[in-house]
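So the protein sequences, as listed, match chains A and B. Remember, the working numbering sits 23 above the position in the first sequence when you count from 1. Remember, the working numbering sits 698 above the position in the second sequence when you count from 1.
Careful, some of the hints might be misleading.
[Unchecked claim] Pairwise CB distance ranges, derived in the manner of DEER restraints:
{"#": "1", "chain 1": "B", "residue 1": "809", "chain 2": "A", "residue 2": "194", "range": "35 to 41 Å"}
{"#": "2", "chain 1": "B", "residue 1": "949", "chain 2": "A", "residue 2": "261", "range": "47 to 53 Å"}
{"#": "3", "chain 1": "B", "residue 1": "727", "chain 2": "A", "residue 2": "181", "range": "32 to 38 Å"}
[To be verified] Listing some non-contacts, in silico: residues in chain B with all C-beta distances to chain A over 10 Å:
{"#": "4", "residue": "724"}
{"#": "5", "residue": "725"}
{"#": "6", "residue": "997"}
{"#": "7", "residue": "1078"}
For the record, the hints were derived by calculation from the structure and aren't laboratory data. Note that CB positions come from ideal geometry on N, CA and C, so glycine has one too.
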Amino acid sequence: MTRYLARRALTALVSVWLASVVVFGAVLAVPGDPAALILGMNAAPEALAAMRTRLGLDVPAPARYLRWSAGVVTGDLGESLQYQRPVGRLIRDRLGVSLPLALGAALLATLLAVPAGIFAALRRGTLWDPLLVLATQVGAAIPSFWLALLLILLFAVQLGWLPSGGFPGWDVSLGGSARALLLPVLALGLGQAAVMARLTRAAMLDVLSQDFVRTARAKGLAPFRVVGKHALRNALVTLITVLGLSLTNVFIGSIVVEQVFALPGLGRLALTAIGNRDYPLLQGVILLYAGTIVLLSFLVDLSYGWLDPRIRYA
Amino acid sequence: MTRPLWLITLLAGLLLAGHALAQDPPPVRGGTVTVAISADPPGWDPTLSTSQEIARVTYGNVYEGLVRFDRNGEIVPALAAGWQVSTDGLAWTFTLREGVRFHDGSPLTAEDVLFKFDRARDPDSGHVNQGYYAAVADVRAPDAGTIVFELTQPSRSLLYNLARPDAIIYPAALAETQRSQPVGTGPFRFARYVEGSEVRLERFDDYWNPELPYLDAATFRIIGDANARIAALQAGDIDLIGGAVPPEQVRVLQANPALKVASGTATAEITVAMNNSRPPFDDLRVRQAITHAIDKDAIVQGAFFGLGTVIGTHMSPSEAYYLDLTDTYPYDPERARALLAEAGYAGGLSFDFELPEPYAFERRTGEIIAQQLREVGITVNLSVVEWGTWIQRIFLAADYDMTIIGHSEPRDIDIYARPTYYYRYDNPRVAELLAEAESAPTAEAETAAYQAIARIIAEDAVNVWVFSPANTAAARADLYGFWTDQPTPAIDLTRVYRAR
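Given only the sequences and the hints, what does the whole structure look like? Please build it.
This is the structure we're talking about:
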């Protein structure tokens, strides 16, 4: 087990390192000049050259990568070209929006999807099942930015219950900030719930058709215990995988939702960084995304053994 | 052909404007507004970046220069109470306004002004647009209240350039921190900036004009999505969208009694740029044919609900020397086909047409133009290009066939005098005329020289100038005093108030 853990952790680290190389290379491969974007369309060539020197872009790329990765190892992600603040601090500020948004959406999706999926699986053959399947199909097909606009039109423009966007900041207003996240969590969580419900239903149907469930039923166990103790436990491995994937999805999906709701989150930070060719900032944000995805899949892998003793690590 | 239409539009606009002015209630002191802007700027110092987002927030609100543009584009006194020009045109003398204070409490001095223009002329300072001061030999302060610009040759554009967003003055001692903490002399001081979220300005109580501003505070909220901006206005979360309201949303907003929409002029020319050094665009007949093939009226009426003025050269109707040259090569598909045949492309012609991703007006216009070109036998390969790539490959390296962009800088016809500019148009006559305009003895002679340039580039069909989009602003119905025209990119809140 310890050897497995060590090997798995090493793979994760190598993945993050590879991601950092790809990120650095990809950012360089995209044409664009931060100096030109800062100085505008009428900048003179001399002014552009001076700005490139100021931004440290006159240093060759490999040297820049070494300098950057040495910084990353010591926890220093460099300074944003646009904001002229440490990238680490910018990311930390934005996590205050993106983390609650992603976790809230994943929680909402789980709370809706798992009961709905189990219910649909158990009601197979009744009208409930196709109804729920239809609902999840529609839900999964609606793009989150469109749902976000619909939610704004209903709850902000028509009813006036919730703000249409923006974020006051946790330090300014705790309640106001929570309210500002309600619609984004809904917009992000509902689509995810639809996808998760479909997968839950499929996993449950699969388990319910297996012999040990028939045996459990045959020996007269209450339906509640059959589902709760035997079936659900066995479906959990699939469900955790789905949950891990959906956390990744909401993390990435929040980029679009943050744009529509004008939330100062990590996704918008990434978009701004791409638009301005803010290389250090972009590298920092993508590294964080990559690290999160690797960490989540690592945790999901670990949970298998804990959930299902039949799975052994060698 | 198009003249009566825009004349009628203009007259109707004037009538509406006059009507609105007559109805404006008296200004009220106090209150706050929330205004939408679309992106975080690269810092807040307008002398270090030409980002229009900086100007929108700071011009006239936080920062002022010696002179400034008013809402009609007139150059009016700001930190200079007045100015004189010597008879030979080589010395401009500005009298500093007395009793002006910066937001940090320090007084405005001649040293601050000298420091600024030394920086503006120092190539290592990072100050943008240094070309604006090419004719300036020296700037000096004979006494504490006077600034003199000494020129090597008369410069008609000096005063105009001194009114631009980057010509502002800040305390010499605080030059390094303006990027993050602007300190100016304007009616509002810069109070708080939350990146990606909002900027807050608060009333500056020591403003040199004690009657202004009317508002206590203003918040600029950064909302990147155009639809989200509209929704925020409808929901009452913001009070003003200063411009670029999508034309298709105008009717919806007009129908809402809580809101109002105002449409005025702006300085942009939506320009189909052609690489004049590259075949087939090095053949005048091909450029003429392309111009003849494009039905500009159909674009403005059909895709922009008439919210724009069709143009025929690199000039928007907001310019003082505006000239309508739309009839130089009017829409005439037959003529276009004939010219193409003459140039040897009777069998058709094909090239790349690249649209800039961030600009919806340009993308929309480009798609229609692609269709119109097809009707005369020109096949374009349409593609959308991300902005950083556009700047790098198309704008700086001129590696392209055809593209489309809005040139929003006012008074920028000088770009046709630069053979290295991305149009790759080389005509020494333009540079000569430009020099003539600069040193013209009278305003009339200056206008004549500029209009001569406008004619030359129109006849050479360097580009296709499609239209100048109207500046469309939308606001809560009780908000008054905001700019409807955009002689320079700005959301000037100095005289904005909420009626009771």
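Going through the hints against the structure:
Checking the proposed 35 to 41 Å range against residue 809/B and residue 194/A shows it holds: the Cβ atoms sit about 39 Å from each other. Checked against the given bound of 47 to 53 Å, the beta carbons of residue 949/B and residue 261/A, roughly 51 Å apart, stay inside it. Range check, residue 727/B to residue 181/A: Cβ separation about 34 Å, and the 32 to 38 Å hint holds. Under the 10 Å C-beta cut-off, the non-interface status given to residue 724/B relative to chain A holds; the minimum distance is some 30 Å.
For residue 725/B, the requirement that its beta carbon stay farther than 10 Å from each beta carbon of chain A is met, with the minimum near 28 Å. Under the 10 Å C-beta cut-off, the non-interface status given to residue 997/B relative to chain A holds; the minimum distance is some 23 Å. Separation of residue 1078/B from chain A is adequate, the least Cβ-Cβ distance of about 22 Å exceeding the 10 Å criterion.
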